[in-house]
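Colleague: My request is simple: use the sequences and hints to build the entire structure.
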Amino acid sequence: MSEKIDSTRRKALQITSGALGAVTVGAFAVPFLSAWNPSEKAKAMGAAVKFNLSKLQPGSMAVVEWRRTPIFVVHQTKTAKTNLPKLNQKVTNPALEEGVSRSTNENFTILKGVCTHLSCAPKYYPEIEPKAWDQEWLGGFFCPCHGSKFDLAGRVYKGVPAPTNLEVPPHSFEGETLVIGEEI
Amino acid sequence: MEVQRKGMFSSVMSWVDKRLPLTENLERHLTKHPVPKKVNFFYIFGALLMVIFMVQVVTGIWLMMFYTNTEEGAFASVEYIMRDVEYGWLMRYMHSTGASAFFFLMYFHMFRGLLYGSYQKPKELVWLFGCFLLFLLMAEGFLGYVLPWGQMSYWAANVILSLFGAIPFIGPDLQVWIQGDYVLSGATLSRFFALHVVVVPLLMIALVVFHIFALHEVGAGNPEGVNIEKYRDESGMPLDGAPFHPYKTLSALPAIGVFFIVFFGIVFFAPEGGGYFLEKPNFEEANFLKTPEHIAPVWYYAPFYSILRAITFGIPFLGITSKFLGFIIFAGSIAILFVIPWLDRSKVQSIRYKGVYSKIGMVVFAVSFITLGYLGTKPVNEMRTLLAQICTLLYFLPLILMPIYTKYEKTLEVPERL
Ligand code: HEM
Ligand code: FES
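Line by line, the protein sequences are chains A and B. Heads up, the first sequence is in the working numbering, so the first residue is 1 and it goes up one at a time. Heads up, the second sequence is in the working numbering, so the first residue is 1001 and it goes up one at a time.
Hints are not guaranteed to be accurate.
[Unchecked claim] Derived pair list, reagent style DSBU-like, types lysine-lysine, alpha-carbon separation capped at 30 Å: (1) B:Lys1018 - B:Lys1037; (2) B:Lys1290 - A:Lys43; (3) A:Lys78 - A:Lys131; (4) B:Lys1280 - A:Lys112; (5) B:Lys1378 - A:Lys112; (6) A:Lys131 - B:Lys1359; (7) B:Lys1121 - A:Lys78; (8) B:Lys1290 - A:Lys90; (9) A:Lys123 - B:Lys1359; (10) B:Lys1290 - A:Lys123; (11) A:Lys131 - B:Lys1290; (12) A:Lys112 - A:Lys55; (13) B:Lys1290 - B:Lys1037; (14) B:Lys1230 - B:Lys1407; (15) B:Lys1121 - B:Lys1248; (16) B:Lys1290 - A:Lys41; (17) B:Lys1230 - A:Lys81; (18) A:Lys11 - A:Lys41; (19) A:Lys158 - B:Lys1378; (20) B:Lys1121 - B:Lys1032; (21) A:Lys131 - B:Lys1280; (22) B:Lys1038 - B:Lys1359; (23) B:Lys1290 - A:Lys158; (24) B:Lys1378 - A:Lys90; (25) B:Lys1290 - A:Lys55; (26) A:Lys112 - B:Lys1290; (27) B:Lys1347 - A:Lys50; (28) B:Lys1248 - A:Lys123; (29) B:Lys1230 - B:Lys1038.
[Claimed, not checked] A short, non-exhaustive set of chain A residues, derived as facing chain B with CB atoms under 7 Å: (30) Ala12; (31) Val30; (32) Arg68; (33) Cys145; (34) His146; (35) Gly147; (36) Gly159; (37) Pro161.
Source of the hints: derived by calculation from the structure; they are not laboratory data. Note that CB positions come from ideal geometry on N, CA and C, so glycine has one too.
Modeller: Spelled out as structure tokens, the structure:
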């Protein structure tokens, strides 16, 4: 081994083997990282669910499960429908274009029961009475986790941690029947 | 006989030493390692952290022998451990109390660092590895808390995972990727199990080794902030130092004894820690349609959770929602700890010789941290939110202003010797 080390040759070899090594590591990362994506089984859980509205009294709420998410179905009272527009000033986004109840049937409001702050399930407090979190409470949802407030149509109050209104899931009405999710 | 045995031992050792530098490293890192002669109470926590780490590893391995990591089986398997496995309750209570003890010791260990400037040059890396350990411990505790799959496991995890969803653009996809499902589910549980029992503990062991090696390279500090390396005797031992064994080993033993008395007192008589170590809603199985009345974190996350909750406002003209800002400030409250070695510009290390502003800063920081912790375990109302906002500010201020007041304040003269 008396030959001198050819440093340009060494350098070139180092760079190519380094680059090839990086590519190999990158390629092998793909299956490992992809394994963390939802499996085919999880993806298949999205079918639509039906709910019979005839038994739901005005002022009461039902919780329907869709894609393992609680869906709130609220039957709005007359008082609620007159009170909701009064809150337009107090909410961040009044969403007037969506209608008073934020649905195509103004007697019912359909919401994803997932707080837009950090995903707790907000609680339904339909009573019109002073509450610890609001002296002028006109009914709505209160999230116990960090105190976000929503009105009966799921619109978020100003000055709470949740940034946006409760989401309205895809739904349609077939007479007395509510269909949540898309029919396949 | 005695002589012969000794002879055999030393000849085995010298056989090994020719092939692996065992004696040399034992002496360097354990027996003959010089430690300062005079330290105080605050310097025991590192040793106790090592002890509690071992307790967690051993009890954890035993729990793993009986635990089921599926959505259907997890909750029932924890009940099985508690009721049917012999001494299963002891393993579980030691592990859950151990988690609280780990954080308790960690916070005191870090507070020692703050008090005596232990993070200062040349111990920045010791501090940095420490901060990574804090981060990993927080992750480890979170992952572990999900495993029993109770109501609190489920909903607390939901809140934390949604934090990832708050990151603009990539957030929602990132959250689904971490969860392995569109909602928190069994897929999440089983990957959290793998992370909790293998990945994070391995990283922590590696970091503890780095933490200690880095410390031994530069030498341990003391509450006076005196550099003991300056004056040495002929053998090279610092005049104010003493060999680790038997000096430190023997003084640590009684402390470990006292620690275990308190630890087992809690394990036997108050394992739920009044609802702060193990929370009531977690005795009910996870129900993804029903959030518990009041979601509170375990006490050791409470200060940081309070900070997260205190941010009820965004920066609308920058398009930053309150949710994302909460996440940034929450992450910032941990991230800022990493850079403390570069925020402190003081000529002296120890609070004993620092000026009045440093002392005020330390008190303000500690009081706001504890107040945030208290608030984090309580339900929100307007008063508490306001108080949490003030305390969040007071948590950051002493750290952010540190480069200024440590540079200009009047310090005292540090003695030459311990
Ligand atoms: C698994 C967790 C940890 C273990 C097992 C551990 C262990 C130790 C041990 C045995 C020592 C030497 C004895 C002593 O000074 O108490 C030490 C020193 C130290 N640790 Fe930790 N530690 C941990 C976490 C942390 C954290 C979270 C921090 C801070 C962010 C930290 C910062 C320090 C500093 C600055 C020193 C040097 C103190 C000095 O010599 O003045 N450690 N650690
Ligand atoms: S999750 Fe509802 S307020 Fe935070």
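Colleague: So which of the earlier hints does this model not fit?
Modeller: 1, 6, 7, 9, 13, 17, 18, 27, 28, 30 and 31
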